[in-house]
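Taken in sequence, the protein lines are chains A and B.
Residue 39 in our numbering is what sits at position 39 of the first sequence, and the numbering runs on without skipping anything.
Positions in the second sequence are counted from 1; adding 1000 to them yields our numbering.
You may find that some hints are simply not true.
[Unchecked claim] Think about it this way: if two alpha-carbon atoms lie no more than 25 Å apart in a straight line, the pair counts; the simulated SDA-like pairs of lysine to any residue are: (1) A:K211 x A:R252; (2) A:K211 x B:P1031; (3) A:K211 x B:E1064; (4) A:K211 x B:G1106; (5) A:K211 x A:V182; (6) A:K211 x B:P1039; (7) A:K211 x B:V1020.
[Unchecked claim] Footprint (simulated), chain B over chain A, 3 or more residues, beta carbon under 8 Å: (8) 55 to 61; (9) 96 to 108; (10) 147 to 157; (11) 177 to 187.
[What the hints assert, rightly or not] Far from chain A, some chain B residues (derived; all Cβ distances over 10 Å): (12) G1061; (13) P1062; (14) V1066; (15) G1092; (16) L1102; (17) Y1105; (18) G1106.
Worth flagging that the hints you see were computed from the coordinates, not collected in a lab.
Just so you know, even glycine gets a beta-carbon here, dropped at the ideal spot from N, CA and C.
Here is how the chains run, residue by residue.
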Amino acid sequence: MTTTALAPAAPGHASTAPRSTPAEGVDRAAGRRAFLDGVRAMLPLLAGVAPFGLVIGVTVAEAGVPHLAGWSLSWLVYAGSAQLAAVGLLGGSASAAVVVASVAVINLRVGLYGAALAPHWRGTSWWWRVLAGYLLIDPSFAVGSQSYDGSRSARLAHRHYLGGALVLWAGWLTVTGLGVTVGAVLPSALHLESIGPLYIVALVVLSVRTKETWVAVSVATVTAVGASLLPLHLGPAVGMMAGLLAGSIVLRRTA
Amino acid sequence: MSTWTVVLLAGLATLAIRLVPVAVLSTRPAPAWLERVGPLTAPVAFAALGASSITGAAAGGPAELVPLLAAVAVAGVVARRTRSTSWAVATGMVTLWAGVALVAYGG
């Protein structure tokens, strides 16, 4: 079945269809099963990112950022690492340009995910591509890779992706909201604002697996420290650019 | 510029990053440089942000910086050994609290 099954029904379509045929019933049941399979595939990943969501929520509560605005990053930016960066920068009174540029740089990888899944969404309605693209982030890309592995029809693959991506979205908004609520009532003596940097350190350690990543991370770290005296909280952005430049030079030499 | 404006701009920037490749690259492959640099962006961003946060704590003097550096070192080692961010954060926080208590006691 084609992807047009996901498009809104034509006006009057539902009311003029007297009763669903047996074939349509089977079709609908298969769609529901694919959706639930996607939900099930996402649950372990959601459990894995839930602590991160709580950390971000607590960081919002501790950073002095208006709680609703900080939590709204969960549905506006919808990318944990970028949210953590944005909250830290907003709490540090960084300029708008630095916040937006940092979020954009961190989320560049999501653009790559979109490029990878785009061929599977060819021929779908524009609203489906907007929805599917908006829901794209590391865990939904992981489930999406399963959805479009060729084992199911395009329509069922879309349902599978949607099931996983929607449960992740709902779960993410819930855990970050919980973090904001819990974080706001905890005493400052607990130094919970340090959870974010510690989590980031762990992520960096876990991500260093190749020579070029090691070089890029080292250069980014040293440059960010050195650039910390720059105005407008430009240190992280300068560090990121230097790290990416160093990493790409190593990649080019080893290619 | 208000916090809300910045949050909205960050959201719009992210939405553009998500949707432009879907719209543009659905009929052609991604540029080579983008595929090459892509895997590096997240670790590099984390490293720069982490370094910046820790440097910021230096403004609070050694009483704040030393316990945090100890916590970072412990979190890094635990992450490497256990491959678990949860354990890394938990042990790092315990180290931080112990460090803060020691500094307070010693001071």
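Item to check | Three-residue Cβ test at 8 Å for the coverage of the stretch 55 to 61 of chain A by chain B | outcome: Since 1 is below three, the answer is violated.
Checklist entry - Would you say Y1105 of chain B is clear of chain A, with no C-beta pair closer than or equal to 10 Å? => result The claim holds: Y1105 of chain B sits with its nearest Cβ about 15 Å from chain A, beyond 10 Å.
Checklist entry - Would G1061 of chain B pass as off the interface with chain A, using Cβ distances and a cut of 10 Å? => result holds, 15 Å
Item to check | Least C-beta distance between P1062 of chain B and chain A, which was stated to exceed 10 Å | outcome: Given a closest Cβ separation of 16 Å, the condition holds.
Checklist entry - Within the assertion that chain B covers the stretch 147 to 157 of chain A, do at least three residues meet a Cβ-to-Cβ distance smaller than 8 Å? => result violated (count 0)
Checklist entry - When you check the alpha-carbon spacing of K211 of chain A and E1064 of chain B, does it fall within 25 Å? => result violated, 33 Å
Checklist entry - K211 of chain A and R252 of chain A: Cα distance at most 25 Å? => result holds, 12 Å
Item to check | Beyond 10 Å from every chain A Cβ - status for V1066 of chain B | outcome: The claim stands: V1066 of chain B keeps its Cβ more than 10 Å from every Cβ of chain A (closest is about 13 Å).
Next on the checklist: Hinted pair, alpha-carbon criterion (25 Å max): K211 of chain A, G1106 of chain B. Please report holds or violated.
Outcome noted: violated, 42 Å
Next on the checklist: Does G1106 of chain B clear chain A by more than 10 Å, comparing its Cβ with all Cβ atoms of that chain?
Outcome noted: holds, 17 Å
Checklist entry - Are the Cα atoms of K211 of chain A and P1039 of chain B separated by 25 Å or less? => result Roughly 13 Å between the alpha carbons, so the hint for K211 of chain A and P1039 of chain B holds.
Checklist entry - Do the alpha carbons of K211 of chain A and V182 of chain A lie within 25 Å of each other, as the hint requires? => result It is violated: about 40 Å lies between the C-alpha atoms, which goes past 25 Å.
In summary, the structure is inconsistent with hints 3, 4, 5, 7, 8, 10, 11, 15 from the numbered list given earlier, while agreeing with the others.
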